[in-house]
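Place chains B, C and D with the ligands on chain A using the hints.
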Amino acid sequence: MSVQEICRVAENTQLGDGLFLMVLHAPKTTELAQCGQFVHIACGEGHLLRRPISICAWKAPELRIVFQVKGEGTKWLSERRTGDELDVLGPLGHGFDVGALGSAPVFIGGGIGVPPMLGCVREAVKQGAKPAAILGFRNKGAVILEGDFRDECETFVTTDDGSYARHGFVTDVLKEQIASASGVAACGPKPMLKAIAAIAKQAGVPCQVSMEERMGCGIGACLVCACALKAKDGETRYGHVCKDGPVFNAEEVEW
Amino acid sequence: MSVQEICRVAENTQLGDGLFLMVLHAPKTTELAQCGQFVHIACGEGHLLRRPISICAWKAPELRIVFQVKGEGTKWLSERRTGDELDVLGPLGHGFDVGALGSAPVFIGGGIGVPPMLGCVREAVKQGAKPAAILGFRNKGAVILEGDFRDECETFVTTDDGSYARHGFVTDVLKEQIASASGVAACGPKPMLKAIAAIAKQAGVPCQVSMEERMGCGIGACLVCACALKAKDGETRYGHVCKDGPVFNAEEVEW
Amino acid sequence: MADLRVNFCGVELKNPITTASGTFGFGHEYGEFFDLSQLGGIGVKGLTPTERLGNPAPRIAETPQGILNCVGLQNPGIDRFIKEQIPFLRQYDTKIIANVSGNTVEEYEGMVEKISDADVDLIEMNISCPNVKCGGMAFGTQPKMVEEVVSAAKAKAKKPLIVKLSPNVTDIAEIARAAESAGADALSLINTLLGMRIDIEKRRPILSNVMGGLSGPAVFPVAVRMVYQVRKAVSVPILGMGGIRTGRDIVEMLLAGADAVAMGTVMFNDPTAPVKALRELEEWMDAHGVKSVSELSGAVEVG
Amino acid sequence: MADLRVNFCGVELKNPITTASGTFGFGHEYGEFFDLSQLGGIGVKGLTPTERLGNPAPRIAETPQGILNCVGLQNPGIDRFIKEQIPFLRQYDTKIIANVSGNTVEEYEGMVEKISDADVDLIEMNISCPNVKCGGMAFGTQPKMVEEVVSAAKAKAKKPLIVKLSPNVTDIAEIARAAESAGADALSLINTLLGMRIDIEKRRPILSNVMGGLSGPAVFPVAVRMVYQVRKAVSVPILGMGGIRTGRDIVEMLLAGADAVAMGTVMFNDPTAPVKALRELEEWMDAHGVKSVSELSGAVEVG
Ligand SMILES: Cc1cc2nc3c(=O)[nH]c(=O)nc-3n(C[C@H](O)[C@H](O)[C@H](O)COP(=O)(O)OP(=O)(O)OC[C@H]3O[C@@H](n4cnc5c(N)ncnc54)[C@H](O)[C@@H]3O)c2cc1C
Ligand SMILES: Cc1cc2nc3c(=O)[nH]c(=O)nc-3n(C[C@H](O)[C@H](O)[C@H](O)COP(=O)(O)OP(=O)(O)OC[C@H]3O[C@@H](n4cnc5c(N)ncnc54)[C@H](O)[C@@H]3O)c2cc1C
Ligand SMILES: Cc1cc2nc3c(=O)[nH]c(=O)nc-3n(C[C@H](O)[C@H](O)[C@H](O)COP(=O)(O)O)c2cc1C
Ligand SMILES: Cc1cc2nc3c(=O)[nH]c(=O)nc-3n(C[C@H](O)[C@H](O)[C@H](O)COP(=O)(O)O)c2cc1C
Ligand code: FES
Ligand code: FES
Numbered sequence: 001m002s003v004q005e006i007c008r009v010a011e012n013t014q015l016g017d018g019l020f021l022m023v024l025h026a027p028k029t030t031e032l033a034q035c036g037q038f039v040h041i042a043c044g045e046g047h048l049l050r051r052p053i054s055i056c057a058w059k060a061p062e063l064r065i066v067f068q069v070k071g072e073g074t075k076w077l078s079e080r081r082t083g084d085e086l087d088v089l090g091p092l093g094h095g096f097d098v099g100a101l102g103s104a105p106v107f108i109g110g111g112i113g114v115p116p117m118l119g120c121v122r123e124a125v126k127q128g129a130k131p132a133a134i135l136g137f138r139n140k141g142a143v144i145l146e147g148d149f150r151d152e153c154e155t156f157v158t159t160d161d162g163s164y165a166r167h168g169f170v171t172d173v174l175k176e177q178i179a180s181a182s183g184v185a186a187c188g189p190k191p192m193l194k195a196i197a198a199i200a201k202q203a204g205v206p207c208q209v210s211m212e213e214r215m216g217c218g219i220g221a222c223l224v225c226a227c228a229l230k231a232k233d234g235e236t237r238y239g240h241v242c243k244d245g246p247v248f249n250a251e252e253v254e255w
Numbered sequence: 001m002s003v004q005e006i007c008r009v010a011e012n013t014q015l016g017d018g019l020f021l022m023v024l025h026a027p028k029t030t031e032l033a034q035c036g037q038f039v040h041i042a043c044g045e046g047h048l049l050r051r052p053i054s055i056c057a058w059k060a061p062e063l064r065i066v067f068q069v070k071g072e073g074t075k076w077l078s079e080r081r082t083g084d085e086l087d088v089l090g091p092l093g094h095g096f097d098v099g100a101l102g103s104a105p106v107f108i109g110g111g112i113g114v115p116p117m118l119g120c121v122r123e124a125v126k127q128g129a130k131p132a133a134i135l136g137f138r139n140k141g142a143v144i145l146e147g148d149f150r151d152e153c154e155t156f157v158t159t160d161d162g163s164y165a166r167h168g169f170v171t172d173v174l175k176e177q178i179a180s181a182s183g184v185a186a187c188g189p190k191p192m193l194k195a196i197a198a199i200a201k202q203a204g205v206p207c208q209v210s211m212e213e214r215m216g217c218g219i220g221a222c223l224v225c226a227c228a229l230k231a232k233d234g235e236t237r238y239g240h241v242c243k244d245g246p247v248f249n250a251e252e253v254e255w
Numbered sequence: 001m002a003d004l005r006v007n008f009c010g011v012e013l014k015n016p017i018t019t020a021s022g023t024f025g026f027g028h029e030y031g032e033f034f035d036l037s038q039l040g041g042i043g044v045k046g047l048t049p050t051e052r053l054g055n056p057a058p059r060i061a062e063t064p065q066g067i068l069n070c071v072g073l074q075n076p077g078i079d080r081f082i083k084e085q086i087p088f089l090r091q092y093d094t095k096i097i098a099n100v101s102g103n104t105v106e107e108y109e110g111m112v113e114k115i116s117d118a119d120v121d122l123i124e125m126n127i128s129c130p131n132v133k134c135g136g137m138a139f140g141t142q143p144k145m146v147e148e149v150v151s152a153a154k155a156k157a158k159k160p161l162i163v164k165l166s167p168n169v170t171d172i173a174e175i176a177r178a179a180e181s182a183g184a185d186a187l188s189l190i191n192t193l194l195g196m197r198i199d200i201e202k203r204r205p206i207l208s209n210v211m212g213g214l215s216g217p218a219v220f221p222v223a224v225r226m227v228y229q230v231r232k233a234v235s236v237p238i239l240g241m242g243g244i245r246t247g248r249d250i251v252e253m254l255l256a257g258a259d260a261v262a263m264g265t266v267m268f269n270d271p272t273a274p275v276k277a278l279r280e281l282e283e284w285m286d287a288h289g290v291k292s293v294s295e296l297s298g299a300v301e302v303g
Numbered sequence: 001m002a003d004l005r006v007n008f009c010g011v012e013l014k015n016p017i018t019t020a021s022g023t024f025g026f027g028h029e030y031g032e033f034f035d036l037s038q039l040g041g042i043g044v045k046g047l048t049p050t051e052r053l054g055n056p057a058p059r060i061a062e063t064p065q066g067i068l069n070c071v072g073l074q075n076p077g078i079d080r081f082i083k084e085q086i087p088f089l090r091q092y093d094t095k096i097i098a099n100v101s102g103n104t105v106e107e108y109e110g111m112v113e114k115i116s117d118a119d120v121d122l123i124e125m126n127i128s129c130p131n132v133k134c135g136g137m138a139f140g141t142q143p144k145m146v147e148e149v150v151s152a153a154k155a156k157a158k159k160p161l162i163v164k165l166s167p168n169v170t171d172i173a174e175i176a177r178a179a180e181s182a183g184a185d186a187l188s189l190i191n192t193l194l195g196m197r198i199d200i201e202k203r204r205p206i207l208s209n210v211m212g213g214l215s216g217p218a219v220f221p222v223a224v225r226m227v228y229q230v231r232k233a234v235s236v237p238i239l240g241m242g243g244i245r246t247g248r249d250i251v252e253m254l255l256a257g258a259d260a261v262a263m264g265t266v267m268f269n270d271p272t273a274p275v276k277a278l279r280e281l282e283e284w285m286d287a288h289g290v291k292s293v294s295e296l297s298g299a300v301e302v303g
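Residue numbers (the UniProt record's numbering), protein chains in the order written: chain A, 1 to 255; chain B, 1 to 255; chain C, 1 to 303; chain D, 1 to 303.
Chain A with its partners taken away, still in its complex shape (with noise of 0.2 Å):
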């Protein structure tokens, strides 16, 4: 179930270079989010189509998102200050399902794919697993919400330029850590997403991948976010990212 709700900003923070974190007045939403699921944000009277941003963590009335400035929308967002109201629409889509991942899942985040890795590491401690996180960010200015997952979990950091911890890319670190997984679930760049299916493949454990794709509805009505998806038969078929996704089982995604 969704809701369309005016949320309130309670907080609207510049985390790095163009990184904001936003937190949401937003009751209801937050009564029926679930990991890896995503809101969609009217971005002001200049923007006709909704942004969508994934939920990164909430507790009751609390919502939290981070976005990172890309275009006008963005930017709008950005400009928010405490005490203004959004409309947002969520939370929406089909997210993780970190039961099926097992009792030693590893969740993957590259970029602006990390914030919602927060909020499965959290639902995975809840059921009792024990999880790891892989956490993958351009360059130091770039890292984000590292103490959160710190507290939380085994956390592993890498930087593309080697600015700051482990020099490399986070599917390094999955091979490394694929024999001790039960399940993989990932969100981040498509090929960095690519990468982490045949690794998880090749161990024979489950992935749960994000998607992302252009957006109208964002509810599954207009059918524009088409992810290609193998058929049973072998062919293409599209799935929508906004209702059938953004989480996807990794073997089911035409890459």
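All clues stand as given, with none of them false.
Partial list, computed: chain D residues near chain C (C-beta under 8 Å):
no., residue
1, T63
2, P64
3, T141
4, V169
5, L194
6, R197
7, R203
8, R204
9, L214
10, P217
11, P221
12, R248
13, E252
14, A256
15, A299
16, V302
For the record, the hints were derived by calculation from the structure and aren't laboratory data.
Since we're looking at a predicted model, the values are computed, not measured.
By construction, the Cβ of each residue, glycine as well, lies at the ideal position given by its N, Cα and C atoms.
Showing chains B, C and D with the ligands alone in chain A's frame:
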């Protein structure tokens, strides 16, 4: 000369039913302002076109305007708060030539046409004339700026429904005062201006009127704000409210 | 209290507000946000003879107060619609407008014949979708083709047949007359305007299909103009659409000549837009002493 | 530093930014807000053989991210333009694009002949204005008429002749080909889309002329699409316009196929938009290592 100025809102106060008084910090605009001119205000991302609003009064660096909420643009304006910034083009157009109205000019405002007459009255006083003001309103709730006018000159107030001051129209008062008037200037609904022009003509005194038309550029480049004027040959020609006006000699106007 | 009912070629709509085909799926999703029985009618996703997968992503691009889409008529096919979706829709007290597309005259005939026997109220024949390379576009832009395909379809229609016109033409009135003379019971317009956006960083079109259909508030003035022109050209009822956001927009579309309206893209911004607009329309009519919707239809005064 | 110069059918523009005819008067007014020498060229108000008064007010209506206008070609006539305005414009280091309109083939011939002998750099022939009842519209919407009027005008032209196309057609490529084959040295597009708004309180059209031309950001995706289609259809240079707001929009229009661009309606929102866009364009090119504007023109990759 005109400038584009980003002005801080110093005050935005509701005066009455849908009526607002706004004070803008506008050092450059106020340096150039003349009575009867207007400013062209950008009304947010939602509106491509600026909205023309008359200059009511000014005392550098503060510019005072009074506006009525009519549609989406003025509604947006009414929602601005102290400290917000507005993109203002101005001062624009050809204002009142108070000097040409003689030593006993009468200034007449109808409804939302009242505000620009305040600047006129002050200018007349400054020039050593002895102005009078006639202000007409729909009803008691619509009365604005009465005190400001009374501070400057003899002021007559009428309401259409008699709910305040004199029951009747500004023309009723004008007919009584015209004998002692050296000139007339007016702003308000077109039928009112037309009636005033006729009275002034009969009395043989100069009459200036401020016209309204929908605008594009506001500076004379797009030619959309046409106002039908009498050409010398008796044919109609179009003047442009934003540049040739908003103030025209009443004799010129094709009513 | 204003009477909102509309008789649309013999079918009574409880109010003039329907949903635009392709923006509303088969109703399930928006049904979470408001009671579908509040709508005058539901225009369902465009149907084809067999399942269509549609185009790859991206299928949408934002434009100033508009969107481009190139969904490419993804749909489960008419048979599954009849079997799986009609029973769901019939739970609600609203009319069903089935929207059909085809690549050939024969396909249109077959679709109209089949859907006529199903439990729908109105048939909307989309001869204007700009996304399907063969067929769609061509039919809606040539008066001769319009006549041919509409006559053929009309011969098979046992329900009122609405012909949906493309705005991508030089003379919309000519196309409207062709559709009317071929037997259309009503016309709907506008479908999307052909447009394009380019991702300047990638130097590639944003849409997978290069071009797509423009809809949303940006097209409203074009839609009002075309409805006005078509109203003057034909006498069959008109379902007006294109960029409607509010109750005031509905009044404007009715005045231009529409008998009923459809809302689409605006719901992506606000899922409850149709019910808000319904309330606004009702309030506006009451405040203006307008007793029935038909008083407004085509009532613009010119000259 | 990027090289912004553009060779537009033999005329060197210092940068690709010009102003759209009819939105910029003869330059005086915007000259108060920025130095006109910063522009690649100035498109002046459309000229006719003799003075035209234009339509009564209202001549403008706002639409979502757009405007409708029905100025109706108010202008002082070509002779007064030549005598009174060219000397003013020549004070600035920029190119003059004279825009001419006529009601008959003969009028176009006469206008082009006369303006050819005046001190202007380029002639833009408006065969697309939707506001003039007789003439304008018809020429631009029929390939045969386009050929006829363009051939006749070209025979008299001693300066490069740009033919300005109407977007209100089924197939813009066909019209473009007709203009090119008739001798057009360049094409400009898009002129305004025909639209209408109604004042629902008065139940009357807002515009005195009932319908008017839609311009502004709302039409940008239609303009990009048409420039792209025309680029594929002809080889003469293209002056792209329609809804451009920013330097990024200019890059998009260039990628679609324009060689230079014009900005119009956006200035009503921000009078300095062209100079802001110029700066943005330059910065964008520098940041992306694009050395010259011509590297961008038509460089969209498809497929
Ligand atoms: C399910 C999902 C979850 C997401 N979660 C987050 C998050 O937690 N934090 C975050 O910073 N970003 C997230 N994104 C990406 C975010 O939606 C885009 O960065 C944002 O929409 C860009 O909007 P803009 O106006 O700034 O950019 P513009 O490029 O100006 O946007 C233009 C249009 O393209 C769309 N668009 C552009 N990039 C993307 C993209 N990557 N995905 C989908 N639509 C796009 C916009 O929504 C808009 O409709 C998520 C995307 C999806 C699909
Ligand atoms: C020279 C001049 C001075 C003015 N001074 C004042 C003033 O001091 N106080 C005040 O309250 N109003 C004044 N007006 C009227 C004011 O400009 C309009 O009320 C306002 O533009 C309405 O905008 P909106 O978005 O609220 O209404 P909408 O009806 O939504 O506007 C739609 C479009 O129509 C235009 N429009 C609508 N009504 C008018 C109108 N009466 N005149 C010109 N354009 C209009 C708008 O500018 C906009 O482009 C003045 C108008 C002019 C021409
Ligand atoms: C995502 C999307 C899909 C559409 N699919 C169809 C369709 O399948 N059949 C059809 O006739 N029209 C289709 N349309 C056009 C709409 O029904 C409508 O004519 C158009 O969007 C204008 O209305 P609007 O501006 O209110 O959206 C589609 C529009 C959109 C935005
Ligand atoms: C008020 C106005 C007047 C116009 N007058 C003319 C004209 O005289 N001749 C012409 O060829 N185009 C005219 N146009 C069309 C513009 O030159 C341009 O093609 C169109 O507005 C699209 O560009 P824009 O969206 O940047 O304004 C006019 C446009 C506007 C808004
Ligand atoms: S965004 Fe509409 S179906 Fe996914
Ligand atoms: S508004 Fe452009 S000339 Fe007056």
